[in-house]
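K.L.:
Read off the chains here:
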Amino acid sequence: MIVLDYNNLMFYGGALIVSLIVGFLLKLPLKVNKESFESNVFFPTIFIVLGLCAITKFLFGYNIVYGIIIGIISAIFSKYAINLFSGVDYGVNSHNN
Amino acid sequence: MELIPTIIELIKIIIATIICWLNFVIVDSFFGLPKTPGVSGANVIANKIKSKGGNINGGYFMGNIVCSPDASAGTLIASMFYYVLGFEGGLIGALLVYIGNRLCNDPGYAGTIGTITATMLIFVFCDLLKVLNIEYFIAGMVIAIFTIQGFLPIYASKLLGNIAKSLKVI
Numbered sequence: 815m816i817v818l819d820y821n822n823l824m825f826y827g828g829a830l831i832v833s834l835i836v837g838f839l840l841k842l843p844l845k846v847n848k849e850s851f852e853s854n855v856f857f858p859t860i861f862i863v864l865g866l867c868a869i870t871k872f873l874f875g876y877n878i879v880y881g882i883i884i885g886i887i888s889a890i891f892s893k894y895a896i897n898l899f900s901g902v903d904y905g906v907n908s909h910n911n
Numbered sequence: 076m077e078l079i080p081t082i083i084e085l086i087k088i089i090i091a092t093i094i095c096w097l098n099f100v101i102v103d104s105f106f107g108l109p110k111t112p113g114v115s116g117a118n119v120i121a122n123k124i125k126s127k128g129g130n131i132n133g134g135y136f137m138g139n140i141v142c143s144p145d146a147s148a149g150t151l152i153a154s155m156f157y158y159v160l161g162f163e164g165g166l167i168g169a170l171l172v173y174i175g176n177r178l179c180n181d182p183g184y185a186g187t188i189g190t191i192t193a194t195m196l197i198f199v200f201c202d203l204l205k206v207l208n209i210e211y212f213i214a215g216m217v218i219a220i221f222t223i224q225g226f227l228p229i230y231a232s233k234l235l236g237n238i239a240k241s242l243k244v245i
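Which chain is which? The protein sequence lines are A and B, in order.
Residue numbers 815 to 911, in the working numbering, belong to the letters of the first sequence in order.
Residue numbers 76 to 245, in the working numbering, belong to the letters of the second sequence in order.
It should be emphasised that the hints constitute simulated quantities derived from the structure, not laboratory data.
Wrong hints could be hidden among the right ones.
Claimed, not checked - 25 Å max Cα-Cα, derived DMTMM-like pairs, lysine to aspartate or glutamate:
no.	chain 1	residue 1	chain 2	residue 2
1	A	K871	A	D903
2	A	K841	A	D903
3	B	K243	A	E849
4	B	K110	A	E849
5	B	K240	A	D819
6	A	K893	A	E852
7	A	K893	A	D903
8	A	K845	A	D903
9	B	K110	A	D819
10	B	K125	A	D903
11	A	K871	B	E77
12	B	K205	A	D819
13	A	K848	A	D819
14	B	K240	B	E84
15	B	K123	A	D819
16	B	K123	B	D202
17	B	K110	A	E852
18	B	K123	B	E210
19	B	K233	B	E77
20	B	K87	B	E77
21	B	K240	A	E849
22	A	K893	A	D819
23	B	K243	A	D819
24	A	K841	A	E852
As the structure is a prediction and not an experimental result, all values here were calculated from the model.
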């Protein structure tokens, strides 16, 4: 059962807001393109923030400082995700042929 | 006398199966799995299904869910993580599914969003309404994948193709 207390909301909400701001400052595109491998401000940043917050909460506990650090890390990860996991447009090419 | 609780459990598993089935088929269809094969393995599976009389778009769908962890695997992982760690386990599941998706040459939208919607559905049915247990979702998802991949795959591909057409994906 999730507990919606003040600290929990600050942890998750703070991390989300910081990640969106840092993603915007890192010039990630605002438009969501379902077919593209390039990251944008919202995807996959939001899911990385939520996952890392949950892992950190189970391992080390939670406070707003951890939230801010996770937000910054998630935005940087999202920016360079295309370099870590490069994608190939196999389906598009085979469809044209 | 022990027959009635068993039947009630079976009915609950079937309800969980239907919820899981609808979740992953709708999310996967919406994010374009029936449109194009993501990798060549999906193309091979689709062509095999088509040569046996099935639908090519349903075949792309089935090939894609074999070749990368999409909303189908996302629903299963969300059920298992929810069982072990609660609601926040579902969030960890979404992160892991995203990494798995990207390793399998998939943009990752279908898998992560399918995991999050599955987590929310499990939260609504298990924690808010308290009508189903989380175990039923794990069993239900295994049965739901079996109905697509194992049990009559040719008819399943035709059904998936029709669903994709009615959702205007293809």
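K.L.:
Now look at each hint and say whether the structure bears it out.
P.N.:
How the hints compare with the structure:
1. A:K871 / A:D903: Not OK: K871 (chain A) and D903 (chain A) at ~37 Å, beyond 25 Å, violated.
2. A:K841 / A:D903: 24 Å, holds
3. B:K243 / A:E849: 16 Å, holds
4. B:K110 / A:E849: Holds: K110 (chain B) and E849 (chain A) sit about 11 Å apart, inside 25 Å.
5. B:K240 / A:D819: The hint is violated at about 44 Å.
6. A:K893 / A:E852: 9 Å, holds
7. A:K893 / A:D903: 19 Å, holds
8. A:K845 / A:D903: With a Cα-Cα distance of about 19 Å, the restraint between K845 (chain A) and D903 (chain A) holds, given a limit of 25 Å.
9. B:K110 / A:D819: With Cα atoms ~43 Å apart, K110 (chain B) and D819 (chain A) exceed 25 Å; violated.
10. B:K125 / A:D903: Cα-Cα ~23 Å, so holds.
11. A:K871 / B:E77: 43 Å, violated
12. B:K205 / A:D819: 22 Å, holds
13. A:K848 / A:D819: Between K848 (chain A) and D819 (chain A) the Cα gap is close to 34 Å, so the pair fails against 25 Å, i.e. violated.
14. B:K240 / B:E84: 35 Å, violated
15. B:K123 / A:D819: 53 Å, violated
16. B:K123 / B:D202: Since the Cα atoms of K123 (chain B) and D202 (chain B) sit roughly 43 Å apart, the hinted pair is violated (cutoff 25 Å).
17. B:K110 / A:E852: 20 Å, holds
18. B:K123 / B:E210: 35 Å, violated
19. B:K233 / B:E77: Violated, at about 40 Å.
20. B:K87 / B:E77: 16 Å, holds
21. B:K240 / A:E849: Measuring from Cα to Cα gives roughly 19 Å; hence the hint holds.
22. A:K893 / A:D819: The hint is violated at about 31 Å.
23. B:K243 / A:D819: 42 Å, violated
24. A:K841 / A:E852: Given pair K841 (chain A), E852 (chain A) holds - Cα atoms ~12 Å apart, limit 25 Å.
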